[in-house]
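Chain by chain, the residues run as shown.
Protein chains: 2
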Amino acid sequence: MRYCTATLEILNPWVSSQSPFLERCVLALCDHPTILDRAETQGLFSADSIERAFQILDQIPGRATGAYSHSQGIKGLRDTIASGIEARDGYPADPNDIFLTDGASPAVHMMMQLLIRSEKDGILCPIPQYPLYSASITLHGGTLVPYYLDEATGWGLEISELKNQLEAAKSKGISIRALVVINPGNPTGQVLSESNQKEIVEFCKKEKLVLLADEVYQENIYVPDKQFHSFKKVSRTMGYGEKDISLVSFQSVSKGYHGECGKRGGYMEVTGFSPDIREQIYKVASVNLCSNISGQILASLVMSPPKVGDESYESYFAEKDAILSSLAKRAKTLEAALNSLEGVTCNRAEGAMYLFPRIELPKKAIEAAKSANKAPDAFYAARLLDATGIVVVPGSGFRQVPGTWHFRCTILPQEDRIPAIVTRLTEFHKGFMDEFRD
Amino acid sequence: MRYCTATLEILNPWVSSQSPFLERCVLALCDHPTILDRAETQGLFSADSIERAFQILDQIPGRATGAYSHSQGIKGLRDTIASGIEARDGYPADPNDIFLTDGASPAVHMMMQLLIRSEKDGILCPIPQYPLYSASITLHGGTLVPYYLDEATGWGLEISELKNQLEAAKSKGISIRALVVINPGNPTGQVLSESNQKEIVEFCKKEKLVLLADEVYQENIYVPDKQFHSFKKVSRTMGYGEKDISLVSFQSVSKGYHGECGKRGGYMEVTGFSPDIREQIYKVASVNLCSNISGQILASLVMSPPKVGDESYESYFAEKDAILSSLAKRAKTLEAALNSLEGVTCNRAEGAMYLFPRIELPKKAIEAAKSANKAPDAFYAARLLDATGIVVVPGSGFRQVPGTWHFRCTILPQEDRIPAIVTRLTEFHKGFMDEFRD
Numbered sequence: 001m002r003y004c005t006a007t008l009e010i011l012n013p014w015v016s017s018q019s020p021f022l023e024r025c026v027l028a029l030c031d032h033p034t035i036l037d038r039a040e041t042q043g044l045f046s047a048d049s050i051e052r053a054f055q056i057l058d059q060i061p062g063r064a065t066g067a068y069s070h071s072q073g074i075k076g077l078r079d080t081i082a083s084g085i086e087a088r089d090g091y092p093a094d095p096n097d098i099f100l101t102d103g104a105s106p107a108v109h110m111m112m113q114l115l116i117r118s119e120k121d122g123i124l125c126p127i128p129q130y131p132l133y134s135a136s137i138t139l140h141g142g143t144l145v146p147y148y149l150d151e152a153t154g155w156g157l158e159i160s161e162l163k164n165q166l167e168a169a170k171s172k173g174i175s176i177r178a179l180v181v182i183n184p185g186n187p188t189g190q191v192l193s194e195s196n197q198k199e200i201v202e203f204c205k206k207e208k209l210v211l212l213a214d215e216v217y218q219e220n221i222y223v224p225d226k227q228f229h230s231f232k233k234v235s236r237t238m239g240y241g242e243k244d245i246s247l248v249s250f251q252s253v254s255k256g257y258h259g260e261c262g263k264r265g266g267y268m269e270v271t272g273f274s275p276d277i278r279e280q281i282y283k284v285a286s287v288n289l290c291s292n293i294s295g296q297i298l299a300s301l302v303m304s305p306p307k308v309g310d311e312s313y314e315s316y317f318a319e320k321d322a323i324l325s326s327l328a329k330r331a332k333t334l335e336a337a338l339n340s341l342e343g344v345t346c347n348r349a350e351g352a353m354y355l356f357p358r359i360e361l362p363k364k365a366i367e368a369a370k371s372a373n374k375a376p377d378a379f380y381a382a383r384l385l386d387a388t389g390i391v392v393v394p395g396s397g398f399r400q401v402p403g404t405w406h407f408r409c410t411i412l413p414q415e416d417r418i419p420a421i422v423t424r425l426t427e428f429h430k431g432f433m434d435e436f437r438d
Numbered sequence: 001m002r003y004c005t006a007t008l009e010i011l012n013p014w015v016s017s018q019s020p021f022l023e024r025c026v027l028a029l030c031d032h033p034t035i036l037d038r039a040e041t042q043g044l045f046s047a048d049s050i051e052r053a054f055q056i057l058d059q060i061p062g063r064a065t066g067a068y069s070h071s072q073g074i075k076g077l078r079d080t081i082a083s084g085i086e087a088r089d090g091y092p093a094d095p096n097d098i099f100l101t102d103g104a105s106p107a108v109h110m111m112m113q114l115l116i117r118s119e120k121d122g123i124l125c126p127i128p129q130y131p132l133y134s135a136s137i138t139l140h141g142g143t144l145v146p147y148y149l150d151e152a153t154g155w156g157l158e159i160s161e162l163k164n165q166l167e168a169a170k171s172k173g174i175s176i177r178a179l180v181v182i183n184p185g186n187p188t189g190q191v192l193s194e195s196n197q198k199e200i201v202e203f204c205k206k207e208k209l210v211l212l213a214d215e216v217y218q219e220n221i222y223v224p225d226k227q228f229h230s231f232k233k234v235s236r237t238m239g240y241g242e243k244d245i246s247l248v249s250f251q252s253v254s255k256g257y258h259g260e261c262g263k264r265g266g267y268m269e270v271t272g273f274s275p276d277i278r279e280q281i282y283k284v285a286s287v288n289l290c291s292n293i294s295g296q297i298l299a300s301l302v303m304s305p306p307k308v309g310d311e312s313y314e315s316y317f318a319e320k321d322a323i324l325s326s327l328a329k330r331a332k333t334l335e336a337a338l339n340s341l342e343g344v345t346c347n348r349a350e351g352a353m354y355l356f357p358r359i360e361l362p363k364k365a366i367e368a369a370k371s372a373n374k375a376p377d378a379f380y381a382a383r384l385l386d387a388t389g390i391v392v393v394p395g396s397g398f399r400q401v402p403g404t405w406h407f408r409c410t411i412l413p414q415e416d417r418i419p420a421i422v423t424r425l426t427e428f429h430k431g432f433m434d435e436f437r438d
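If you read the sequences in order, they're chains A and B. First residue of the first sequence? That's 1 in full-length UniProt numbering, and the numbers climb one at a time after it. First residue of the second sequence? That's 1 in full-length UniProt numbering, and the numbers climb one at a time after it.
Wrong hints could be hidden among the right ones.
Copies of one chain are not kept apart here, so a pair can be met inside one copy or by any two copies together.
Said to hold, decoys possible - Derived DSBU-like pairs (lysine-lysine); straight-line CA-CA distance at most 35 Å:
| # | residue 1 | residue 2 |
| --- | --- | --- |
| 1 | 170 | 283 |
| 2 | 374 | 208 |
| 3 | 205 | 430 |
| 4 | 320 | 75 |
| 5 | 205 | 329 |
| 6 | 206 | 226 |
| 7 | 374 | 329 |
| 8 | 430 | 233 |
| 9 | 364 | 205 |
| 10 | 172 | 364 |
| 11 | 206 | 364 |
| 12 | 283 | 374 |
| 13 | 172 | 370 |
| 14 | 198 | 120 |
| 15 | 329 | 208 |
| 16 | 370 | 283 |
| 17 | 283 | 172 |
| 18 | 198 | 320 |
| 19 | 283 | 363 |
| 20 | 332 | 363 |
The hints are simulated quantities; they were obtained by calculation from the structure and are not laboratory data.
Could you build all of it, start to finish, from the sequences and the hints given here?
Pasting the structure below:
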C-alpha cells in the first residue's frame, strides 16, 4: 500500500513500509493462479487470500484473468461491488448499474463525453475544483459553470449560489446539464452535512440536472461530527427512486486507506437513466474494450473487506484504523501549523487528503509575482519549493474567488517527518513575509 | 496466457491450459514484493523471474508499484522498451518518445483527439478497417476518409488509391491530417511488403501526413515469404529522420503470443513531432494521470524476452514457437475450409489473427435479409450463430466495397476443436445455400 507520488504533493510521497494488505496477496495469486495449489503458497499467503483468489477466479469466465472482460467489467465482480454498496447504504444496488473503469478519471470523461453536445452545454462545478473537471469539460467542448464554495463557512455549498449561477448561465443561453459535487471535497477537504446533501438532491431533481457525485474519498473522514453519506443513499432516504433523479457516483481504489493509484481501478454507479441513455453509456464504455482486470479485482476487494472470522480480519482492520487515524492526526497537526502562520487561515480537513489554506500576500509580493509573470500564489509556491523542497499546488490551479490566494497541501507526509516540514515551512514563511512586508 | 473473449470471436475464446509465461510470475512478484526474500518463493518462481522482479522494482521510484507514475509511464520501463525497439529495428529509440497506455486503444484516441479540430479534418483509413478507428474519429468529430484495400491482390494497398481519395477529399474541403495503416492487417490479415511500406512513407512525407502505424500484430506472421518491418525502421532505412516524417507506432500486450488483453498494456512511440506538439501529447496523456502499472510492466516484458542463459529462456521460446506455429496451422486449415465453401473466397492470413472471406450470397438470401431489416452478411452471421453457436463478425461492421459481403473470423479456436467447427460451418453453409439458391 502506497500513496500517490504525483508532483502535486507536499514533499515526497508517503510510501509506507507496511506489509501489503490482503488485496496485494489476492492480486498476486490471481496473476499467477498455477501456484494456488502448491504447498509453498500456504506458507506465503493467508488462507483467506487464497480462498478469495479462488472465488474471484471462479467469477471470471474461463478463469481467464488475461482476457478482455465485458465492457462494464466482470459480472461477478460487479455483483460483489453491488453487495458492498448495499451494505454501505442500506438500499439495493444493481450490478448492471456498475461500470468498472481504469480509475475514476476515465469514468468522469465518459460522462462528460455523453453530456456535452456543444459549448452551449454547461456543467456546474465547485470552485475551487479538482482540475480533472475543468480539463474534461474543455476537452469535450462544453462550458464550465462555476459555483463558489463559501470559505467562511468551512467551504459550505449554498443552494442560493447554485441557483444564481444556474440563472446567470441560462440568461447567456447556456443549458445546464449536470452538477458536479465532490464530497469529501478536493482540494477543500470539507464533508457535506446530510441536510445539505438533501437540498442538493432536491435542487437537481427540480432543475432536472444529472448529479455527478465524486465520492472517491468516502473512507477518508477525520472528524467525529461528520459522516459520509452517499448521494444515492440520501436520495433514497428522501423517497426518490430511479424515476426521480439521474445520479452517477464515482469511486476509486486510489484513495481511502488503499491508495492504490497505480492500479487504475474504479467504478461508477449509474442510476436513474432511461434504457436508451444506458445503451449509449455502454457504447462509449465499449470503445476501449474493458478496464484492466487487476484494477477490476481491486475495486471489488475495496468494496468487500474481510469479515469476522477471516484470517486477515484483525490485521486488515488494524492496518485500516492505523492509516486513517494517522491521516487524521497529520491533518490536525498541519492545520494548526498553517493557522499559526502570519496571514494564513486554514479550514479544518474534515475529509479527503487535503488542506487548502488561504494566504494574505503583501502587496509587494503581488507586485514581485507580476514582474515574474506568475500568479501570486504560484510565485509563493515556487519560492517555497526552491527554498525548502516542499511542493504545494497554487490555488490558481483549482480556481478561487478572484483576489484571494490559496495553496493545496496534502496530509500524506509520514507522521515522523511532519515536525521537520512544519519547521522548514514556518521559517520560509517568516522570511518571505519579512522580505515583502508592505 | 489467454486470448480474447470478446464477442467478436469465432466460437468460444481460446483459453490455453499452458502454465503462465515468465510474465505472469514477474507480475505476481511485483504485486506482492514482500515475498521476494522468502525461501518458499524460490520453490515457486524461476530464478530469472525473481531477478526480473527485483530489476523492475528498482526502476520504480520508491519501489512504489501502487503509486501513480510519470504520465508517460515509468522511465526505467520506457528505457527497456526503447532498447527492445532498437534490438528489433537496428535504429536508435528514445525512451522520451514512448508513451505507455492502457492498451493501444487509448493511444489511438489520444492521437485522434490531438489531430482532429473539426469535421473538416480527415483521417485516411483502410477499408475494411478495425472499428476502433471509425469510432474514435466519430467521437472526436472528424471525418473518416476511406481508402479501399484491393481484395484481388491479397488486400493490397495501392498508392494510386490513396492519392485519389486524398484529392477527392481535398476537393470537398477536407484537410487530410493523417494516414492510418494497420500492418499486419485487421480484419484482413495481410502483411505489407517493404517496398509497399516505402511508397507509403514517401506518400506521407510528400503530403505532410502523420503516419499512424497500427503495429500491434508485429509478432503474428505466419508465412515464410513475409516479414514484419516497423514503419520507423523502413523510414530510417530510407534515410528519413525526425525532420522528415511524423510517425506514431502503436503496440499492445494483447496480441502477439502474449494475448494479455485484460491487462490493458501498450505503448505508442512518437517520432518526428515538434517540441510544442510533444508538449500537447504529454498534456493529454496527463489528464488521466498514468496508465496502470501492471500493464506498464507487462509492456516492458513483451519488449524484452529472456536472453540466452536465463532459466526461462528455453521454455519461453518453446512456448512462443508452439503458439505461433499453432496459429499458423489454424490459419491454413480455416482458410482451406472457407475456400472449399460454395461462393466463398478467402485470402490467406499472412499475419494478425483473422481471415476475412468474401461470400457471394444468393439473391434470395439478400431479399430475405432485407425483409429481416439486416445487412446480408449480418443476416448470414446471425443464421450461422443460431444454427451452430459459431460467432463471426459481418463484414459490414468493418465496411467493405459496396455490394460485396464478407465476414471476419479469428484463427483462435484451439487446434483440436477446429475439425468440428469446420464440419458444422460446412454443413450450415450447404443448408443455407440450398435454402436460398436462386
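Q: With 35 Å as the alpha-carbon cut-off, assign the pair residue 172 and residue 364 to within, between, both or neither.
A: So residue 172 and residue 364 fail the 35 Å test inside a copy (38 Å) and across (58 Å) alike.
Q.
At most 35 Å between alpha carbons: which applies to residue 374 and residue 329, within, between, both or neither?
A. within (34 Å within a copy, 64 Å between copies)
Q | Homomeric proximity label, residue 364 with residue 205: Cα distance no greater than 35 Å | A | Neither. Shortest intra-copy (48 Å) and inter-copy (54 Å) distances fail the 35 Å Cα cut-off.
(Q) For residue 370 and residue 283, with the copy left unspecified, which applies at a CA distance of at most 35 Å: within, between, both, or neither? (A) between (48 Å within a copy, 25 Å between copies)
**Q.** 35 Å Cα threshold - placement of residue 364 relative to residue 206
**A.** This pair counts as neither: shortest intra-copy Cα distance 48 Å, inter-copy 55 Å.
**Q.** Intra/inter-copy verdict for residue 170 and residue 283 if alpha-carbon distance must be at most 35 Å
**A.** both (30 Å within a copy, 32 Å between copies)
(Q) For residue 374 and residue 208, with the copy left unspecified, which applies at a CA distance of at most 35 Å: within, between, both, or neither? (A) neither (40 Å within a copy, 37 Å between copies)
Q.
Within, between, both or neither: how does the pair residue 283, residue 172 come out at a Cα-Cα threshold of 35 Å?
A. Intra 32 Å, inter 30 Å, cutoff 35 Å: intra and inter.
Q: First find the shortest C-alpha distance between residue 283 and residue 363 inside one copy, then the shortest across copies, and answer within, between, both or neither for a cut-off of 35 Å.
A: between (54 Å within a copy, 33 Å between copies)
Q) Given identical chains, is residue 205 near residue 329, meaning Cα to Cα at most 35 Å, within a copy, between copies, both, or neither? A) neither (38 Å within a copy, 60 Å between copies)
Q.
I want to check one pair: residue 172 and residue 370. Are their C-alpha atoms no more than 35 Å apart within a copy, between two copies, both, or neither?
A. within (32 Å within a copy, 48 Å between copies)
Q | Intra- versus inter-subunit Cα pairing at 35 Å for residue 283 with residue 374 | A | between (43 Å within a copy, 20 Å between copies)
Hints 2, 3, 5, 8, 9, 10, 11, 15, counting from the list given before, are not met by this structure.
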